[in-house]
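Participant: So you can see what is in the structure, the chains are spelled out below.
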Amino acid sequence: MAKQTSALAELIERLPDPDERGLLSNIDAGTVDSVISQIYEGGRKSLRALIDMLVEPGQGDDVKPRYALHCLAVRMCRPEEEKSRRVFAQTLASQLGGKKPKSVQKYLIQQLQVAGGKEVAAALGKMLQDEELYEPAAQALVAIGDGAAGQLRDALPKAKGKIKITIVQNLGVVRDGESVDALKKALNDDDREIRLAAGWGLANIVDAGSVDLLLDAADVEATYERNTATKACLLLAERLLDAGRKDAAVKIYKHLRSTRSSSDEAYICEAAKEGLAAAAK
Amino acid sequence: MEGELIMPETKKVTRRQFIKGSVGAVSAFTIVPRHVLGGPNNTPPSETFGGALIGCGGRGNGTFNAMGLEAKKLAICDVKFVGREDNKKVYTDFRRVLERKDIDVVAIATPPHWHALISIAAMQAGKDVLCEKPMTRFIAEGRAVAEAEKRYNRIFQVGTFGRFGRSRDPKSIEIHKIMASGLLKNNCKGVHIKSGGLKVKQWSGMVNAQPQPIPKSLDWDMYCGPSPLRPYHPHRHGGTHRGYWDYEGGGLADMGQHHFDPVQWVYAKDDTSPVEIEAYAPPAHPEACGMWGWVELKYADGMTFVMDSKEWPVSEQPAYDRKSAREVSLSDLSEDDQKKIKEMPDPQPLVSFAEAVKTRKRAGGNADAANRSATLLHLANIAIRTGRKLRYDPVKEQIIGDEEANRLVNPPMRAPWHL
Chain A
1132 MAKQTSALAE LIERLPDPDE RGLLSNIDAG TVDSVISQIY EGGRKSLRAL
1182 IDMLVEPGQG DDVKPRYALH CLAVRMCRPE EEKSRRVFAQ TLASQLGGKK
1232 PKSVQKYLIQ QLQVAGGKEV AAALGKMLQD EELYEPAAQA LVAIGDGAAG
1282 QLRDALPKAK GKIKITIVQN LGVVRDGESV DALKKALNDD DREIRLAAGW
1332 GLANIVDAGS VDLLLDAADV EATYERNTAT KACLLLAERL LDAGRKDAAV
1382 KIYKHLRSTR SSSDEAYICE AAKEGLAAAA K
Chain B
169 MEGELIMPET KKVTRRQFIK GSVGAVSAFT IVPRHVLGGP NNTPPSETFG
219 GALIGCGGRG NGTFNAMGLE AKKLAICDVK FVGREDNKKV YTDFRRVLER
269 KDIDVVAIAT PPHWHALISI AAMQAGKDVL CEKPMTRFIA EGRAVAEAEK
319 RYNRIFQVGT FGRFGRSRDP KSIEIHKIMA SGLLKNNCKG VHIKSGGLKV
369 KQWSGMVNAQ PQPIPKSLDW DMYCGPSPLR PYHPHRHGGT HRGYWDYEGG
419 GLADMGQHHF DPVQWVYAKD DTSPVEIEAY APPAHPEACG MWGWVELKYA
469 DGMTFVMDSK EWPVSEQPAY DRKSAREVSL SDLSEDDQKK IKEMPDPQPL
519 VSFAEAVKTR KRAGGNADAA NRSATLLHLA NIAIRTGRKL RYDPVKEQII
569 GDEEANRLVN PPMRAPWHL
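Chains as they are written, first to last, in the working numbering: chain A, 1132 to 1412; chain B, 169 to 587.
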């Protein structure tokens, strides 16, 4: 293993050095491709050795190993590499939750956002409760898409604070119909950001059963929350119209037309009138 | 009472009410300042605006002035104002600025990872927006801004203005008419090459930046905003942010919209995007924008745009030599079709931001057009970052058959920020 690590270190050293400003300005594509190909040919052992070269920021120089790992991740996304991509992703995922520094695990998650698939969804889901890793984990899950909703849904009951905002928002991003009840409940949360994320999520899911709740949420006085919650209403109305649910869309537009009567909100009233005209066609 | 006049009204008719389209009935008397009616040395209400500048770095005042309006700067906002904010004139949180009802127009000169979110928030608060280029950090943001522009019927103009000059140039108008006519069908042989001027090395990022203490005057979490929260380094902030994928897209994104937005108008591509994109570049760094050679972007009708960096490879490698520049001209058409072009009316003059705000006509650099020219930059950068030839669907605004490349079309944002 030591011999292999030494060989890998020599290989990695061939990658370009940053110039005096810290830029990769003197980069030779052929050299990089050659180094990455040789790491790739070394298989899972090479990959693990490469991962072991990553350190916390400020604790050593791992510029080249980080670059090499990302180049490998991008290479794994070639259509002909599907089998290797799964092995690559599973190898990275196997390092999550262990003793490696959180900043290193964060970098591995970010590479899974590049090249991971549904095979790593469960491993990423476990990171959703980690105060330092929930954000990259949620982003990787959403980018991967396949398998994300279940992981986010399972994580919601235990989530609090910023983790909860992230999970609520991303349930809306992935349009998880099974989370409608949970999002409706979140509309009453004490945290403004959770309320707004839940409202937007219900609109993005196009839940016709949320019309009254979203209209109530948008009738608050506080300006930013009112504007943002009103956007969710308009978004829901547009999506309902597209889905052929004119009755529900018209209800939203009529409510906004009648309640946005001050001069400061005339543009909302006009938007509602435009929506009603579209619904009448 | 000097300086005030009496006029009949139940409500004061403000410029904001005019913009927001709800001037009420006039039936009683009220006292109105002289400037409301205009006159010598007084600007009438339809010419005065409450303005805000969000993002007060090197481009801030230039962007505010580019609005071309008699706008009073009522608020300035920047995440670097921590400890200076009074939430009356100086702010650190743009959301508080947008709550003000006396602000009509907003100039946005933050780093680009905030452009779309603040533009959308401003329009949903009823403001008109002039947003510094590049319009967006990734493709899906542009569509979201265009949807907000339409939904709220607000004015949006991107902060690049080259298309206004090209739209008055007779030769450009002729090409525009040829392309808009569709007479070339799918047999356009035009090639537009932009060689150099894309500041590739200048706006590259550091790959070895080590964490440093966050300045007390900077809200770093808010600065990162929708992008990943990284350790602070001064090179990620204050102009050099251009060199990081988290905030922009290198010199290509920074200068590209200046170069290609006018060309997009000339070739009548404001409502579509390329279908094939191919780049020549070394493997990209995950965080720092870096070197690249060239990118070809080909439209469905055959028209090709080329970005030729002239900065990489550094030596002994060939410059871009796959195609030669070739303008579209009347001679590409049959005599009958040439007659049709000559009989076509010229396109309507483009409307400036100031005129658009006053007349409620759509601005020449509106969100739909700006989204398409920003998409050119983003597609080029995705081809550079993936190292793969891409096929793009300009209607769905998605990359075809490459799931991992599509992850760069609409990357997830950090909560609570979302499109």
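Hint data in this document are derived by calculation from the structure and do not stem from the laboratory.
Where a beta carbon is used, it is the ideal one built from N, C-alpha and C, also for glycine.
Check the hints yourself; a few may be wrong.
[Unchecked claim] Covered stretches of chain A, as calculated for chain B (at least 3 residues, CB under 8 Å): (1) 1156–1167; (2) 1279–1287; (3) 1325–1339; (4) 1397–1411.
Participant: Confirm or reject each hint.
Facilitator: Comparing the hints with the structure gives:
1. Check result for the segment 1156–1167 of chain A against chain B: holds, 8 residues qualifying (beta carbon to beta carbon below 8 Å, three or more required).
2. For the segment 1279–1287 of chain A, the stated coverage by chain B is not satisfied: 0 residues place a CB nearer than 8 Å to a CB of that chain, which falls below the threshold of 3.
3. As drawn, the segment 1325–1339 of chain A meets chain B at 3 residues by the rule of a beta-carbon pair under 8 Å; at three or more, the given contact holds.
4. Residues of the segment 1397–1411 of chain A with a Cβ under 8 Å from some Cβ of chain B number 7, which satisfies the need for three, so the listed coverage holds.
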